[in-house]
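2 protein chains.
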Amino acid sequence: MNRNIRLTIRYDGSRYGGWEHQPDRPMTIQGKLEQVLARMLMLPEGEVPLVIGAGRTDAGVHALAMTANLHAETEMTEEEILAYLNHYLPDDIGVDDVQFASPRFHARYNATGKTYCYRIWCGDRKPVFERKYLTVTEGRPDTGRMRQAAAYLIGTHDFRSFCANPKMKKSTVRTVDEITIEEEEEIIRFTFHGGGFLQNMVRILVGTLLEVGYGRMEPERVREILEALDRREAGPTAPPQGLMLIGVDYD
Amino acid sequence: MNRNIRLTIRYDGSRYGGWEHQPDRPMTIQGKLEQVLARMLMLPEGEVPLVIGAGRTDAGVHALAMTANLHAETEMTEEEILAYLNHYLPDDIGVDDVQFASPRFHARYNATGKTYCYRIWCGDRKPVFERKYLTVTEGRPDTGRMRQAAAYLIGTHDFRSFCANPKMKKSTVRTVDEITIEEEEEIIRFTFHGGGFLQNMVRILVGTLLEVGYGRMEPERVREILEALDRREAGPTAPPQGLMLIGVDYD
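Residue numbers (this note's numbering), protein chains in the order written: chain A, 6 to 256; chain B, 6 to 256.
This is chain A alone, in the form it adopts within the complex (with noise of 0.2 Å):
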């Protein structure tokens, strides 16, 4: 039969090129997902399904819950395509849920929205078991001014300045709705929930929300970036490993 299978997986992104293809990166999770599916399809030799994710992770981004979706020819249960993922797929890549959807689903488009959480060691300590799911800082940033500027942000803005990518010719307004910094011990973790996020948003975010946060940067001033529609006025990119997709919402 012909099914919109719909998954929901988890991976610890460290050795990927990220979600998706990349010409010049050979190892990437949808590659990966793709090849295991390919077998399990039975697909001739060189032929692989299209896997959709509902958007890109970059390089050593985490997923607690990407959703993906194929269309495929099987006669396989949903049971039995989760039991041979799992079996096939490598350690660090999970298939938590498998369901047959409508036809019309796409993991992309019909997205409505995402949660990210970003997390920062600030121990004394060297944090070995935790070591590939975070960012060590240097010193406890202050956690009331990055709040107060994380305020200015809420809302639906241009992000322009919080986007990687100078040149994008596609709307860069998005809607944020929540921004939670959350202190657990020794970790900081910053959640965000919004309609959707710009290439590398979440982290030129969390690079700007830290130099508030030590006092290089006025909370104010996170208002100037934003009008400023100029990357340059925002910090810098926080490093990959401390950022996880934690969820991805549908109607």
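A portion of the hints provided could be inaccurate.
[Claimed, not checked] Calculated cross-link-like contacts (lysine to aspartate or glutamate; reagent style EDC-like; alpha-carbon spacing at most 20 Å): (1) Lys137(B) with Asp101(A); (2) Lys137(A) with Asp96(B); (3) Lys172(A) with Glu232(A); (4) Lys174(A) with Glu225(A); (5) Lys137(A) with Glu135(B); (6) Lys172(A) with Asp235(A); (7) Lys137(B) with Asp96(A).
Derived from the structure by calculation, the hints contain no laboratory data. Just so we're clear, the structure is a prediction, and the values are computed from it rather than from any experiment.
Based on the hints, put chain B in the right spot on chain A.
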């Protein structure tokens, strides 16, 4: 000044050939520490200080708090040594504490007890982010049966049946005073406390308890295994990645 430097070390053992120097395994935790310490102490080329560990952990086994010591001539403070080691050691080895101990302190001879923890994963999904620090099993073993079996192990016994080295000439009598088996959602955690443990002993104990948990062995069988004084009577050696040295006791 001549110092007896006491270190508390945390490590992810995944890519190491265990704690102790092995002629055929180039990378060990002890070796890495000695390499960095030799540079810190500016010893002549080819000379390394002897780092004494509380015990040996096998290849792939982790430590939350290994204790070690070394005698060295240095003018550095405890804080300077801590900072130096954490800077030059790789990401998967962290030093949490440095203290100048009395000249007679010996990390191995003075150790009066050790705590080990072994974690198994019984969840349906793949433990993508935790995969290096636990062992995946098929299905959930019966913890009630395992606790019954564990009760036979408590006390001072000849644990020869649970020792990897059949030619062990020294005494194989050891005291285990506590074994706890806890369930935390998808994880079952075994904690062992005792005066000392033989080679692979915790892993063979876990391998045997799992046989009981899966119903392939009766709880009472554990008493007979102890009495047999024969490694072949016990269960298999559980894989290393689920094991972690939690701490070492000193009077």
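Q: Run the structure past the numbered hints and jot down the numbers of the failing ones, going up.
A: 4
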